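**Student:** Fit chain X to the given chain E structure using the hints.
Chains E and X, in that order, give the protein sequences.
Sequential numbering from 1 applies to the first sequence in UniProt numbering.
Sequential numbering from 1 applies to the second sequence in UniProt numbering.
These aren't lab readings, by the way, just hints derived from the structure by calculation.
Please note: incorrect hints may appear among the correct ones.
Treat identical chains as interchangeable: a pair holds within one or across any two.
The calculated BS3-like cross-link candidates involving lysine-lysine, where the alpha carbons are at most 27 angstroms apart (straight line), are [to be verified]:
#, residue 1, residue 2
1, K17, K100
2, K89, K100
3, K89, K120
4, K120, K8
5, K17, K120
6, K47, K8
7, K8, K100
8, K205, K100
9, K205, K47
Note that the structure is predicted; figures quoted are calculated from it, not measured.
There are 2 protein chains.
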Amino acid sequence: MLTFALAKGGLLKDSIKLLQSIGLDFSAFLDPGFRQLQITDPTGTAKALLVRNGDVSVYVQYGQAHLGIVGYDVLREQRPNVAQLVDLKYGGCRLSVAVKESSPYRSSLDLPMHGRVASKFVNCARDHFDSLDLPVDIVPLYGSVELGPITGMSEAIVDLVATGNTLRENGLIEIETLFYSTSRLIANPLSYRLNTDQIADYVAKIRDQVNATALV
Amino acid sequence: MLTFALAKGGLLKDSIKLLQSIGLDFSAFLDPGFRQLQITDPTGTAKALLVRNGDVSVYVQYGQAHLGIVGYDVLREQRPNVAQLVDLKYGGCRLSVAVKESSPYRSSLDLPMHGRVASKFVNCARDHFDSLDLPVDIVPLYGSVELGPITGMSEAIVDLVATGNTLRENGLIEIETLFYSTSRLIANPLSYRLNTDQIADYVAKIRDQVNATALV
Numbered sequence: 001m002l003t004f005a006l007a008k009g010g011l012l013k014d015s016i017k018l019l020q021s022i023g024l025d026f027s028a029f030l031d032p033g034f035r036q037l038q039i040t041d042p043t044g045t046a047k048a049l050l051v052r053n054g055d056v057s058v059y060v061q062y063g064q065a066h067l068g069i070v071g072y073d074v075l076r077e078q079r080p081n082v083a084q085l086v087d088l089k090y091g092g093c094r095l096s097v098a099v100k101e102s103s104p105y106r107s108s109l110d111l112p113m114h115g116r117v118a119s120k121f122v123n124c125a126r127d128h129f130d131s132l133d134l135p136v137d138i139v140p141l142y143g144s145v146e147l148g149p150i151t152g153m154s155e156a157i158v159d160l161v162a163t164g165n166t167l168r169e170n171g172l173i174e175i176e177t178l179f180y181s182t183s184r185l186i187a188n189p190l191s192y193r194l195n196t197d198q199i200a201d202y203v204a205k206i207r208d209q210v211n212a213t214a215l216v
Numbered sequence: 001m002l003t004f005a006l007a008k009g010g011l012l013k014d015s016i017k018l019l020q021s022i023g024l025d026f027s028a029f030l031d032p033g034f035r036q037l038q039i040t041d042p043t044g045t046a047k048a049l050l051v052r053n054g055d056v057s058v059y060v061q062y063g064q065a066h067l068g069i070v071g072y073d074v075l076r077e078q079r080p081n082v083a084q085l086v087d088l089k090y091g092g093c094r095l096s097v098a099v100k101e102s103s104p105y106r107s108s109l110d111l112p113m114h115g116r117v118a119s120k121f122v123n124c125a126r127d128h129f130d131s132l133d134l135p136v137d138i139v140p141l142y143g144s145v146e147l148g149p150i151t152g153m154s155e156a157i158v159d160l161v162a163t164g165n166t167l168r169e170n171g172l173i174e175i176e177t178l179f180y181s182t183s184r185l186i187a188n189p190l191s192y193r194l195n196t197d198q199i200a201d202y203v204a205k206i207r208d209q210v211n212a213t214a215l216v
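So that you can see chain E by itself, here it is in the shape it has in the complex (with noise of 0.2 angstroms):
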């Protein structure tokens, strides 16, 4: 039976009305006194697993999931071996550096060699300011990232930006965007090349939706 891995978190309300769109409901997920973590599509056809944000490449490139929906972020961190195929352009966001407002920090290269970067994209960071030749350190943090300037711990973070509120009440400006992200969705390799439990029917439905909602 196709297995779809879906995140727990901001995405799933969206994610969930795109498969009901293309006709599988697993909207009991999204009722708050539901406690299972795997359900059967009342038609029988497929099955959603619920999981963290960071596990769903994990299931999808273990094969324990056929496809499944996540942000380009955490694809961009992890790196798995899955292959991306639909931009379902909801849960739009963008990773950035932001300093303190009151820094004299204006631009990624303002910042001090040897200096701290706070994140919990911890790949990402490096990469960025590798390209731009200037040795930081990355200190690694996974909840709070905001409280590393606030502490005096780093100059700069490197950390998700939806509305940038959490930024601004906490006295921290933008000063550069690594890159934008949308949710993803993504399919074990050998299972898209065998067209196992016809994948292809279903990535080319949601293809389908996600094309035509887009030109409302």
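**Tutor:** Leaving out everything else, chain X in the frame of chain E:
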């Protein structure tokens, strides 16, 4: 000013109680409506940062906090450059190998060569299986690790067990314990050696308090 890094979650209540017993009041962090991530004790002698469990040792290692309270499990996994000073005794749990109850495996060595083991404790899991000379594929999963065996992605998991309820609810059983864990008081090595802001006094008070409680 002496700064503590405290972990959000299960350890917080006991950590705050312990610090209250040596005269430092950070109980505002327990108020669900409270949103600040750093506060100063009402007496003005110390500060506390409220951070994610996995970030405590980062703040301490980089010197932004002089002292921190974090689980031994995290220290074993991250191996940060911090001084481990006092076993605080609370927050007890163990890191264990678990499998499906219906599986034939009853010890780590029963697992098939090149089988899969899902864990967020990838370093601890790798060390354990390396020490047995059993080559397994460690699958990094950061949420709901129990889905590994349930979906058939992995033969086993390595995960923290406190009461064992999560395992039971998911039809899993523990077959081996890697180590037991409790919360630990850690310090920045340099601050500790230089006795910055009278760290040693605080450490002594905490040690006395823990010993006194243990005698009751």
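**Student:** Work down the list of hints and note, for each, if the structure agrees.
**Tutor:** The hints, checked one at a time:
Within a single copy, K17 and K100 get their C-alpha atoms no closer than 38 angstroms, and across copies no closer than 34 angstroms, so neither meets the 27 angstroms cut-off. Proximity of K89 and K100 under a CA criterion of 27 angstroms is satisfied in neither setting, with 31 angstroms inside one chain copy and 39 angstroms between copies. Taking the shortest alpha-carbon separations for K89 and K120, only the intra-copy value of 23 angstroms comes in at or below 27 angstroms, while the best inter-copy value is 30 angstroms. Taking CA atoms no more than 27 angstroms apart as the test, K120 paired with K8 passes in both settings, with 18 angstroms inside one copy and 17 angstroms between copies.
In this assembly of identical chains, the alpha carbons of K17 and K120 never lie at most 27 angstroms apart, being 29 angstroms within a copy and 31 angstroms across copies at closest. Taking identical chains as interchangeable, the C-alpha atoms of K47 and K8 lie at most 27 angstroms apart only when both belong to the same chain, with a minimum of 16 angstroms there against 34 angstroms between chains. Taking the shortest Cα distances, K8 and K100 sit within 27 angstroms of each other only across copies (25 angstroms), while inside one copy they are farther apart (31 angstroms). In the homo-oligomer, the alpha carbons of K205 and K100 never lie at most 27 angstroms apart, since the shortest distance is 45 angstroms inside one protomer and 37 angstroms across protomers.
In this assembly of identical chains, K205 and K47 lie within 27 angstroms of each other by CA distance solely inside one copy; the values are 17 angstroms within and 56 angstroms between copies.
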